[in-house]
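Enquirer: To get the working numbering, take the position in the sequence shown, counting from 1, and add 8.
Possibly wrong hints are sitting among the right ones.
Claimed, not checked - Have a look at the derived ranges for each label pair, beta carbon to beta carbon:
| # | residue 1 | residue 2 | range |
| --- | --- | --- | --- |
| 1 | N158 | E42 | 47 to 55 Å |
| 2 | R212 | K34 | 38 to 46 Å |
| 3 | Y159 | S241 | 21 to 29 Å |
| 4 | E267 | N71 | 18 to 26 Å |
| 5 | N116 | N90 | 14 to 22 Å |
| 6 | K244 | A152 | 15 to 23 Å |
| 7 | K185 | E267 | 36 to 44 Å |
| 8 | M120 | R211 | 20 to 28 Å |
| 9 | Q50 | M120 | 18 to 26 Å |
| 10 | K34 | R255 | 17 to 25 Å |
| 11 | R255 | G108 | 31 to 39 Å |
Bear in mind the hints are in silico, worked out from the structure with no lab data behind them. As the structure is a computational prediction, the values presented were derived from the model and not from experiment. Don't be surprised by glycine CBs; every beta carbon is placed ideally from N, CA and C.
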Amino acid sequence: MKEIKMTNEEILKIAMEQSAVDSGCKAEDFLSNENIVVISRQFDGARKYLKLPFLCDLASYGNNIVASVSPELKDIVTDYINSYPPYHCFETPNMIVLQGKLRPLNMNVCFMAEYWLPDVEVIGKICATRTVPAGYELRVLEKAEIDTLNYSEWENALCEARKELDILAVAAYKNGKMIGLAGCSADCDTMWQIGIDVKPEYRRQGIASTLVNQLACECLERGKVPFYCCAWSNLKSVRTALKSGFRPAWVQLTVKQNEIIEKTNKKVIAKH
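Construct all of the structure, not just a fragment, from the sequences and the given hints.
Expert: Dropping the structure here:
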């Protein structure tokens, strides 16, 4: 492994700068002790999977909340985030208050996610001391090889709708068969998002964390900041992030129209 040149402080700064582009604010706003509300707009350089402008998106790096909102929700959201401590705004029972204000507008809370950034010292140590179990092989895949894969088979690691963004991956093989894949999507210029898939019969063997760690190192060696996202309740994914050398960095809550929420729920039901 090559030396990781970025520090944790530089990584956090890059993440805040990207969040500022996404939210339409200044990076230093996330360090304020006061909540900040801005009108959401479409900005060049925002993460490519975001649907901008937001109706309402609450983002917090722990100090405060930056709310990026539509004009019609400005007063509702301002009152909400200033009524409770920042972390309470991302959980019930407080969140039910916001939902009550949104319901007459045919809107509701849709996405809640925790985002993770690499701890470079931890990631480097894991990578330097990692051993691959006997019978397994790890292989770095570049764009041309990724394009040959069956996207539906690896839907947590790759994204069919944005295939052009999936540009780097690390795969695990056993007896010549791919049994796990960590892929990263070039969602913006400075940060690449990591997703992970492991075949059910090969889980609970440390394969997921090994793949995520190796891919994170590959990203850092290329001068990109890897980031990881999961629901706070997805404990399997949380454990993978921790074992890979990632640490919690920021949280987001996003409001959508009810018809979008219904479509999202139908897709989840169809998969199960």
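Enquirer: Indicate, hint by hint, whether the structure satisfies it.
Expert: Results for each hint:
no. : hint                    : result
1   : N158 / E42: 47 to 55 Å  : holds, 49 Å
2   : R212 / K34: 38 to 46 Å  : holds, 44 Å
3   : Y159 / S241: 21 to 29 Å : holds, 26 Å
4   : E267 / N71: 18 to 26 Å  : violated, 35 Å
5   : N116 / N90: 14 to 22 Å  : holds, 21 Å
6   : K244 / A152: 15 to 23 Å : violated, 31 Å
7   : K185 / E267: 36 to 44 Å : holds, 41 Å
8   : M120 / R211: 20 to 28 Å : holds, 25 Å
9   : Q50 / M120: 18 to 26 Å  : holds, 23 Å
10  : K34 / R255: 17 to 25 Å  : holds, 24 Å
11  : R255 / G108: 31 to 39 Å : holds, 34 Å
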